[in-house]
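> Sequence:
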Amino acid sequence: MNQDITQNLNHDLKVYNTLSRKKEDFVPRDRGKVGIYVCGPTVYGYVHVGNARPFVFFAVFARFLRSIGYEVKLVENLTDVDDKIIVRANKEGVSSDEIAMQFSEAYLEDTGRLGLGRPDLEPKATEHIYEIIDLCKELVEAGYAYETGGSVYYRVCEFQQYGKLSGQKTDQMKHCELAREGEAKESPLDFAIWKAAKPGEPSWESPWGQGRPGWHIECTAMSIKYLGHKFDIHGGGRDLIFPHHENEIAQAEAVTGTAFARYWMHNGMITRKDEKMSKSVGNIFLLREFLKNYDPRVLILFFMSSHYRSPLEFSESNLEEAVQMLDRFRNCLWKLDSVIGGAGSSAVASPAGETIPASGEKAATEAGMTGGSTSESFALRSAIDATELQFNTEMRDDVNTAGALASLFGLVRVINEYTESVSTAGKVDAGLLGEARELLTDLLYILGVEISPSEYSEAGLEQELLDLVAEREKARKDGDYAAADTARDKLAAAGYEVRDTPQGPKLVRRG
RNA sequence: GGCGACGUGGCCGAGUGGCUAGGCAGAGGUCUGCAAAACCUCGUACAGCGGUUCAAGUCCGCUCGUCGCCUCCA
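So the first sequence is numbered by the working numbering: it starts at 1074 and just counts up by one.
Hints listed in this document are in silico derivations from the structure and should not be mistaken for laboratory results.
We put the CB at the ideal spot given by N, CA and C, even for glycine.
Among the clues, some could well be false.
The calculated DSSO-like cross-link candidates involving lysine-lysine, where the alpha carbons are at most 30 Å apart (straight line), are [said to hold, decoys possible]:
1. LYS1146 - LYS1096
2. LYS1106 - LYS1303
3. LYS1352 - LYS1164
4. LYS1087 - LYS1106
5. LYS1303 - LYS1197
6. LYS1349 - LYS1242
7. LYS1258 - LYS1237
If you anchor each label on the Cβ, the simulated ranges turn out as follows [what the hints assert, rightly or not]:
8. ALA1475 - ALA1452: 51 to 59 Å
9. ARG1094 - ALA1566: 17 to 25 Å
10. GLU1144 - THR1221: 38 to 46 Å
All chains should be built: construct the whole structure from the sequences, respecting the hints.
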């Protein structure tokens, strides 16, 4: 991407800040750098599709930030000590360590299959017990927390700004919490930051005896450790606003006396039949189940097709649309590469320039600026510039991926028009087409989608399939269309689609 | 009860004062032996009512409806 443009761009990124309930100009704490902390999973079960949304969104957001020149540090934690883990361990008669280990691995595996890489850091709560204890100690010393019965509770009434993130007022909250057994809180609103150990539970030595962290404290400790005070962006699902993020703020700001995170970004919920997908509702769809039936990029495009703050309905027809979107991009590249001269793979191998493959270069020279390609070239040239501008404008406006996607489809259309016209005229400006290709793949990459020419390349196809194609061609020439169609059906059964092009029949893998 | 979000054409889904979103599905056409892919053409939608304005899907008010949070939840 053009350096001059990118440097201008990173001045006017707008993000919606839950704290202010407004879109705000994004100004990083440290010039040119962005620190992001996203609440990852509590590892007591397999992640579902809803859990994948923040993972995908922030991966994409980080890619975009990098594309406009920021140095990004993305931190996503794993909470691997928690009541829910213990409950599951007890139910299955294994140690909670085993549960945590099993589902941490499953999480890494499932999210890894999305093809988005990993966050820069994925710290675990159990590896930060000392930091957590220190934080608890500070809170107690400052009078914001108190020990009772080996547990430590946060004294909510002490933090004047409690409720500022969620808009909750403490005196108007439902009388939500009944005193539980063994709890002796000063107020029902107070929450545990350190829990006294019960027999058989994981525990660590602390100034208050054996115990383990409460739910919210680990994120406060780890985010501050890795990103420092007043770090840039804290993210997660909307449903974490209260109490999780509210409590994180209370914990952090009480001891530091300064702002915790400066921008709070929350993604909307994935729904099924208009109801939030969640474990408690029991309507979850596991990520690993999804990936058995769909290409991971389908999920990513599905997410990208709406704004991250909106709820999004997980339905078969919506997924089908995403399947079609992926096909449309793939078809465009397939066509583009076949026009450039089957050299698409070399164009991909050098994303940072040198977009003109050897054969294409020759074609470009031959093409010159003759014939009907001039106006087509002009249109493509304009589309390239317009797409880059529109994509960036949309993304800079609170990461409007749906708008950004629309800009890509605009480019796809013009590329298709171009390849359509030149495949009949035979004049190809491969340099220009290579530029369009590079832009398309670069921007798709930012949105989390990579398409390799190997997906549609005919290289390495089994001889048997090639024989069928030849058989069909012969039958067609002989006018024996029944035989031709039989061959085509056989190819379809093998998962390949035949497309007749001016360059002859092509095989495209389906599904 | 408190806090908050949303309601856009057959469907999904952008858009916050005047200018074509986009995708999917559908209809017709071009290409093709037929297809597929692609391209072209076709949809004056903004929950309802009232108001502000030269101008509102876009601002304000009310009504209706849907959803989220206030309890574990991405």
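> Hints first: check each against the structure and report whether it holds.
Outcome of the hint check:
1. LYS1146 - LYS1096: The hint holds at about 22 Å.
2. LYS1106 - LYS1303: Status holds; Cα separation ~13 Å.
3. LYS1352 - LYS1164: Satisfied, since the Cα-Cα distance of roughly 17 Å is no more than 30 Å.
4. LYS1087 - LYS1106: Holds. LYS1087 to LYS1106 sits at ~16 Å (cutoff 30 Å).
5. LYS1303 - LYS1197: holds (21 Å)
6. LYS1349 - LYS1242: Holds, because 25 Å separates the two Cα atoms, which is no more than 30 Å.
7. LYS1258 - LYS1237: holds (23 Å)
8. ALA1475 - ALA1452: 51 to 59 Å: Between ALA1475 and ALA1452, where Cβ atoms are some 25 Å apart, the hint is violated.
9. ARG1094 - ALA1566: 17 to 25 Å: At 56 Å between Cβs, range violated.
10. GLU1144 - THR1221: 38 to 46 Å: holds (45 Å)
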